[in-house]
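From first to last, the protein sequence lines stand for chains A and B. Just so we're aligned, residue 349 is where the first sequence starts under this note's numbering, counting upward by one. Just so we're aligned, residue 17 is where the second sequence starts under this note's numbering, counting upward by one.
Since the hints were made in silico from the structure, they are not lab data. Since we're looking at a predicted model, the values are computed, not measured. Errors might be hidden in some of the hints.
[Unchecked claim] Derived list of chain B stretches under chain A, where covered just means 3 residues or more per stretch with a C-beta under 8 Å from a C-beta of chain A:
#1 67-75
#2 94-107
#3 122-131
[Claimed, not checked] Restraint ranges, calculated between C-beta atoms of paired labels, are given here:
#4 B/Asp204 with A/Met614: 38 to 44 Å
#5 B/Ile29 with A/Pro652: 53 to 59 Å
#6 B/Ser78 with A/Asp677: 56 to 62 Å
#7 A/Ala633 with B/Gly131: 28 to 34 Å
#8 A/Leu625 with B/Asp204: 51 to 57 Å
#9 A/Met614 with B/Asp25: 55 to 61 Å
#10 B/Glu18 with A/Tyr668: 20 to 26 Å
#11 A/Val563 with B/Gly188: 18 to 24 Å
Think of the CB as a built atom: it goes at the ideal place given N, C-alpha and C, for glycine as much as any other residue.
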Amino acid sequence: MILAVAGLSRGMLQDSMNRARGVGADIWIKPPGASAISLTGSSMPQSVLRYFRQVPHVKLATGTAVQPIGGVSTITGIDYDEFVAMSGPFRFLEGGPFQNDDDILIDRYYAEQQKLKTGDKVTILNHEWRVCGVVEPGKLARLFVRLRRLQELTNSEGKLNQAFLKLDDPARTQEVVNYLKSQPELAGYSIYSIEEFLSLFSMNNVPGLKAFIYVIIGLSLVIGFLVVGLTMYTTVLERTREIGILKALGASPLDIVGILVRETVMLAVAGWIAGILLSLGAHWAINTHVRANLQSEIAPDWWPIALAVSLTASLLGALYPGLRAARQDAIEALSYE
Amino acid sequence: MEPIIIVRDLRKIYHVGDVDVHALRGVSMEVPRGEFVSIVGPSGSGKSTLFHVLGGLTSITSGQVIVDGQDLSQISDTERTRLRRKKVGFVFQRYNLLPTLTALGNIEIARYFGGQKGPLPEDFLEIIRLLGIEHRLHHKPRALSGGEQQRVAIARALVNRPAILLADEPTGNLDTENSEAVLSLLRDLNHRFGQTILMITHNPEAAAFADRIIHMRDGKVIERS
């Protein structure tokens, strides 16, 4: 469970990073009040792009509107020509650019998951779109529509959720960021160099993610403790007679505890290995069947943590049954049916 | 030569709820080294309690018990564990082999607790041959007959060369043929290796295999023959 959650968290963050990098911008700007990597947030006036275009060294400026469509999925409105000018042309697997306002471009993962192809109709935001093309993933979003159309549908005409700037010289990025931050009219805007923005894609910066993982670890400890505790308790009861035999053969209470601890450790390690295999299975299943919504990565650096959790829970669970076994009266145990 | 077992005025009281059960009421006896002794008596006569005291499975209430020079009157639980490892071998009515281990595994685990390592010594292999289980060592208990299981249990009890072998109704679960075989083996072990054996039994014919019979009733020795 821990490994699957860690892999999922990391996979989704990595995928978001890759798509953010795919925009090709040097500077990423969020409106006041927006969280750095939240799915939606506040908006900024579209007219601000004109302002950005006049800033020294800014070669291109474009903006997008982002609308959630359920779960962690979003649809993104783009100005096609500006977006392509910034990030380079889309790599079309089929179809081509927008031909009318109700066209939608989808990436390969979404097309595979939803079994869509060019010309198909798809309903999103209670609106029917026509798939005009399928593109390789890796450019900001999975679903692209015309910016103006999305703004109309969401009653947010003239508003953007984020803006991107491309400079004539990427080496001047920090200089331009500093300049923008110093402008009073941009007070409250979050302005990041792309490197700074990508560095925000860590578990620490996703609201609640770290707490969620701690909860999962806590749950794993409690469940592991209960399962191993009950298993070992049953084992001790079932083996009462065997424990009596071992005591008659000269086993000390420490020997009995030692046997149970070794069994517990084996159980924990076996569970850990099974957990790794299951997490690999989950990784494969997620990346094969729901790649458009979820992404998973293998997280080997979490394996030792999972082992520690497994061992701790198991040994805590085996504590009471072990002590009970060690205290077992040999004569009573031998007469146990 | 000093007897290997000396019991003087041994008393054992069990507390069952608010009731005191006097299991042994002043037992005295001596067993010379190398003797084969049967203890007979009806249920509740105290013979199993005597067996448990001599084997270090339970403490005594009063009196004195000396096994191979060690006074059991005031020993700690740790010393009692050591006594079971080194000086006593148990054979039970229900064999009590560990079901997940092979016959050899059952013998080896007793050896492990006895602190011995390495291959089985030649003199013990001779005992294995005498018991006739050399071809059954790699079988699990469920694949062995009752007689074979009891012979494996005897081998396990002897692997640490104990001072005394305590056998509690060793033929209680066996048919006549196997009973005779096991009793003959115990007598052979006693004769050939000088093994001291105390055997509890209800069966007068089984008791007759021993050098001496001690009769018990109501927690006391009532007759020696």
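Checked hints:
no. : hint                               : in the structure
1   : 67-75                              : holds (count 4)
2   : 94-107                             : holds (count 7)
3   : 122-131                            : holds (count 4)
4   : B/Asp204 with A/Met614: 38 to 44 Å : holds (42 Å)
5   : B/Ile29 with A/Pro652: 53 to 59 Å  : holds (56 Å)
6   : B/Ser78 with A/Asp677: 56 to 62 Å  : violated (21 Å)
7   : A/Ala633 with B/Gly131: 28 to 34 Å : violated (52 Å)
8   : A/Leu625 with B/Asp204: 51 to 57 Å : holds (56 Å)
9   : A/Met614 with B/Asp25: 55 to 61 Å  : violated (50 Å)
10  : B/Glu18 with A/Tyr668: 20 to 26 Å  : violated (46 Å)
11  : A/Val563 with B/Gly188: 18 to 24 Å : violated (58 Å)
The structure fails hints 6, 7, 9, 10 and 11 (numbered hints given earlier, in ascending order).
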